[in-house]
Each structure stands twice: as structure tokens, then as C-alpha cells.
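A.B. asks: Protein sequence lines, in the order shown, are assigned to chains A and B. Taking the numbering used here, the leading residue of the first sequence gets 1, the next gets one more, and so forth. Taking the numbering used here, the leading residue of the second sequence gets 1001, the next gets one more, and so forth.
Check each hint, because a few of them may be wrong.
[As the list claims (entries may be wrong)] For lysine to any residue, the following SDA-like pairs were computed, each having C-alpha atoms within a straight-line distance of at most 20 Å:
1) A:K336 / B:Y1057
2) A:K144 / A:G62
3) B:K1110 / A:V359
4) B:K1124 / A:T183
5) A:K179 / B:K1114
6) A:K189 / B:C1119
7) A:K153 / A:A125
8) A:K213 / A:Y300
9) B:K1124 / A:K213
10) B:K1114 / B:E1049
11) B:K1124 / A:N113
12) B:K1124 / A:Y184
[To be verified] From the derived model, a few chain B residues whose C-beta atoms are all more than 12 Å from chain A:
13) V1002
14) K1004
15) H1009
16) L1034
17) T1039
18) G1044
19) K1051
20) L1102
21) I1117
[Unchecked claim] Beta-carbon label-pair distances, calculated as ranges:
22) B:A1097 / A:A125: 30 to 40 Å
23) B:T1106 / A:K179: 26 to 36 Å
24) A:K263 / B:T1106: 44 to 54 Å
25) B:I1070 / A:K127: 29 to 39 Å
26) A:D79 / B:A1097: 27 to 37 Å
Hint data in this document are derived by calculation from the structure and do not stem from the laboratory. Predicted, not measured: the structure shown is a model, and the values here were computed from it. By construction, the Cβ of each residue, glycine as well, lies at the ideal position given by its N, Cα and C atoms.
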Amino acid sequence: MTKTIEEINQKIKKGEAVVCTAEEIIGVVKEKGLNAAAKEVDVVTTGTFGPMCSSGAYFNIGHSKPRIKLGGGRSYLNDVPAYTGLAAVDLFLGATAMPDDDPRNKVHPGEFNYGGGHVIEELVAGKDVRLEATAYGTDCYPRKKLETWINIKDLNEAVLFNIRNAYQNYNVAVNLSNKTIFTYMGTLKPNLGNATYCSAGQLSPLLNDPYYKTIGIGTKIFLGGGVGYVAWQGTQFNPTVPRSENGVPKGGAGTLAVIGDLKQMTPRWLVGTSMFGYGPTLTVGIGVPIPILSEEVLQYTTVTDDQIIGTIHDYSDAYPNRRNEPVGEVTYAQLKSGKITVQGKKVPAASLSSYPRAVEIANTLKNWIQTGKFELTQPVAFLPGAESGVTFKPLNERPITP
Amino acid sequence: MVDKKIVLHFPKRLVDRPIVSHLIKDHDLEFNILKASVTPDEEGLMVLELKGKQEDYDKGVAYLKEAGVIIESLSQNVIRNEERCTHCGACVTVCPAGAFELDMSTRQTKFYDKKCIACGICIKTCPPRAMELHF
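Chain A extracted, bound-state conformation (with noise of 0.2 Å):
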């Protein structure tokens, strides 16, 4: 059995298309068989809400009279700083960036309240946000001083260009040192006091193509609330990792670079967040239709949480001194039950990511496609796949001597 892209958009088209979440799947193939559902079932939704620091979005804000030039000068959205190594007008801001004042962790732990994520948030809610900027001046570009409010509505493009989401598996933290840590993992609890992880598991675009046999360059995606695209592989991809023998990944592995117009995205799905003594982030909401071209690509799809495992590690001492010693394995399906087992003691377990609000994706996006208003599209490219080589290499220091 195969079918194509288009068959599915014909059906789409039509209104006839069937589709399941990756959570609803299970039970069908279950019921029905590999065979029979593959010839049934259309497209497989998946998705993920979680915090995806390599997330931010550029803007073009228009030309002021006189005219400005804010690349190589400095630039500042609801005070926080925007890139502007770019053209006259165009900025780009990052999830994590932060007011110049925040204490940060001066006094640690900080709180973090406000950062770029919070900025994006605020622009799709349709707020209106300060633009201050300062410039060195040119003969073309006199002005040295801007100060404006701006809405996303009145600039000329407002993108949500995110470099790494949607981790196809992620690290299971713990603290084995005897006081509290404050990480991008949550705040972690002395001695084994508590675990926290962050992925929809069964429902998790990734780890449900893990061999990026559909998703590629191109593909039509949820993104914020609105519809993107999968852009590139996300940075730090990493193909070759272990996997368990359903081939989905022990530890995180492919990431996708995702792109859309942020002027159709909604504050619900991109959600400014604050990691306590870390840092600013942004939550995204992302669903990924899955086609189902053929059984081995419904087979994939059917992976349940008991069959995923992640890889433990002390974010105390091992994680930041970059020493690879996992401290054991768990499956998701033993995460969710909100207890696992480390060394010998149960140790409470949290999610990061919110599986309610994946569940939420899926639906939406299952939605979408069986009113006709979702049409898939073929990759332009595939993604670097497990036989590629393509490594997450760490950094070689290479001292500077004068």
C-alpha cells in the first residue's frame, strides 16, 4: 500500500480525509490492523507546547522620516535588546534576551520575569510595544535617536523564524548534589528529590517520523496558532544518536527549524516564559501533520510511551562539566505516572512541556485538515537522516595565545 502526497490533498480537498491524532492512532492499528488502517487513514497529527529557547522572530518596521539607520546602532523592544547587525529597519529578536538592568542572577536565584519571549507574546496579542533606538548617523540615514511605539499590525513583516523546536526527545533531569539547582530543566530538588522532563512523548512530531521519512524542508506545519513551515534541520541535529529498536532516539536527536508569518499567530500558542534562575524563553505550540504514505510510515506513528525511552542525567555536576554519564533510562510511559525510580529511590517526576495543550495541537490541526482548510505539502528536501553522519559535535577549545 502507498499512496502520495497529492491522492491526500485530493481527499482533503474534497473533505474526505481521514485523520487521527498520534495518540488515537495506537488504538486504531491496534484494532484494525497495520494493513487495513494504512489504506484507511490519511494523516497522523502530532504536537508539542514547550519551552524552545532558540526561538525568535525578525521584523521590518518601516522607514522613518528623516530616515534611520538602526543596524550597527542599538535597538530595544519594551527595553529589551533586539539584534540589529541588518539593514536600515530590520531587527531580530531573541526569546532569551533581557533588559540591559535586569539583575539577572546577581542575586541568585533570579526571577526573570521579562525577556524577548514575553516581547513576541505581547505583539501577537496585538499590544503595542516601545521601540527605542539609538544610531551613529550617515549622509542617507541622518537620524541618531528613534522613539515610537510599534504594532505588529503596522509592521511590514513580523516573522517567527525559530533556528532549534520540537526536540525529537530530550534529557530526563535530576539533582544528585545535596541543595537546590535552578536550571533550564526546572528547579531541581537535593538529592534525587525530584525529575523533570520535557516532551509529549507518543504525541511528539519527531518521535513519530523518527527517521524524518515524511517531515523535510518544507513542510506545512501549526506554528504559534498559525500555519509555518519546517525550514532547515534545527541547530544541534543530531541523526546518529542510540535508539531503542523501534528506532526512536534515547536522548534528544533531530530538531526542526521552523518559520511563519507571526501576524497570524495567537498569544495562547507562543507563550513568554520565565525559567526560575535561568533565564527568559518562549513556549511554542508546533503540530506536524504526518501522511501516511505507506504501513512502515503508519508503523512509526503508532509508537506508544512505554516505548520511548529518555536518558537521565545530573544537571548538578555532570551536565554542566559536559561529562556523558547518564545516571539510568526511563520510559515516558513511567514519567507520566508522575514516579520513576533512579539509584534505587522513587523520585517524584514533572513535566516542562504540557501534553493537555499537545493534545490541544493535535486536535486542532486533525481539525484543520478534515475541513479542508490544511492541504500538506511535499518536502523540498529531506532532513539529514541516521546513515547521514551528521554529528552534535561539542566545541574544541583551541586556547588564544598572543
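Assemble chain B onto chain A, guided by the hints.
C.D. replies: Below, chain B without anything else, positioned relative to chain A:
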């Protein structure tokens, strides 16, 4: 028997007086101070757990009110902003009082404000900052 957590606001003029001492001694109540910020010449705040007979508790509360202390129940003070909560569940393992629980069927995070001791840990550790302290 009742077991209640209450928030006491002491106006400036009462901060120097041994009100809690009288409350406990004269009304035969068991108490546990969960949080206190009482400094001379400033308004004071105390989060108190009171245990005892209903009758004694009522008399004790009446005494506090008569003395001029403003009383609120604790659940009014730590509030979850339902609009901001994403139900990620990060709060579940950081709360020392077990006030957050995961609903296994819906994967939603429940907040039992009766268990809350207003320590404030969730306020800063909630990633979308959905927990709010109102005093």
C-alpha cells in the same frame, strides 16, 4: 475539630501587641506559623494554621476581629491565573505542600488551594508565571 489556615493583617498600631499570644492562650487553640512578616512601625502579616474545637476557633477569630486584625482565608491569597496556566505540570514536584496534582486521565494539573501554605515557591517557579500571590 477544625483545622484552618488564615492570613492575618495587623495594622501598624497592633504590631507591638501580643495578640497571637492571647489568641492561643485564651482560646485553647493549637497553632503553626506558616509565614510571618511583622516589623515594628509597619503593617504586619502572618499566615497561621489554627487547630481546635469549632467553638474555640470561632471565639478566637472573634477576638482577632475585635482587636482590629483583618482576616482572610488563605485560599484567597494564592490564585492560579487560569488564562496563563498551560498545565505543563512543572509545579507538581516543587510544591512542598502537595497542593498540585496531575489528573492522570486529562493530564491537567489540579490546584488544591486548601493544601496551599502560601510559601510562594510556585510563584517564581511557574514557567508562564500563572501563580499569583495576593495579599
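A.B. asks: So, for every hint listed, does it hold in this structure?
C.D. replies: Status of the hints after comparison with the structure:
{"no.": "1", "hint": "A:K336 / B:Y1057", "result": "42 Å, violated"}
{"no.": "2", "hint": "A:K144 / A:G62", "result": "16 Å, holds"}
{"no.": "3", "hint": "B:K1110 / A:V359", "result": "18 Å, holds"}
{"no.": "4", "hint": "B:K1124 / A:T183", "result": "13 Å, holds"}
{"no.": "5", "hint": "A:K179 / B:K1114", "result": "29 Å, violated"}
{"no.": "6", "hint": "A:K189 / B:C1119", "result": "16 Å, holds"}
{"no.": "7", "hint": "A:K153 / A:A125", "result": "11 Å, holds"}
{"no.": "8", "hint": "A:K213 / A:Y300", "result": "10 Å, holds"}
{"no.": "9", "hint": "B:K1124 / A:K213", "result": "41 Å, violated"}
{"no.": "10", "hint": "B:K1114 / B:E1049", "result": "11 Å, holds"}
{"no.": "11", "hint": "B:K1124 / A:N113", "result": "9 Å, holds"}
{"no.": "12", "hint": "B:K1124 / A:Y184", "result": "14 Å, holds"}
{"no.": "13", "hint": "V1002", "result": "30 Å, holds"}
{"no.": "14", "hint": "K1004", "result": "27 Å, holds"}
{"no.": "15", "hint": "H1009", "result": "25 Å, holds"}
{"no.": "16", "hint": "L1034", "result": "20 Å, holds"}
{"no.": "17", "hint": "T1039", "result": "21 Å, holds"}
{"no.": "18", "hint": "G1044", "result": "25 Å, holds"}
{"no.": "19", "hint": "K1051", "result": "28 Å, holds"}
{"no.": "20", "hint": "L1102", "result": "6 Å, violated"}
{"no.": "21", "hint": "I1117", "result": "17 Å, holds"}
{"no.": "22", "hint": "B:A1097 / A:A125: 30 to 40 Å", "result": "33 Å, holds"}
{"no.": "23", "hint": "B:T1106 / A:K179: 26 to 36 Å", "result": "35 Å, holds"}
{"no.": "24", "hint": "A:K263 / B:T1106: 44 to 54 Å", "result": "32 Å, violated"}
{"no.": "25", "hint": "B:I1070 / A:K127: 29 to 39 Å", "result": "35 Å, holds"}
{"no.": "26", "hint": "A:D79 / B:A1097: 27 to 37 Å", "result": "36 Å, holds"}
The structure fails to meet hints 1, 5, 9, 20, 24 from the earlier list, while all remaining hints are met.
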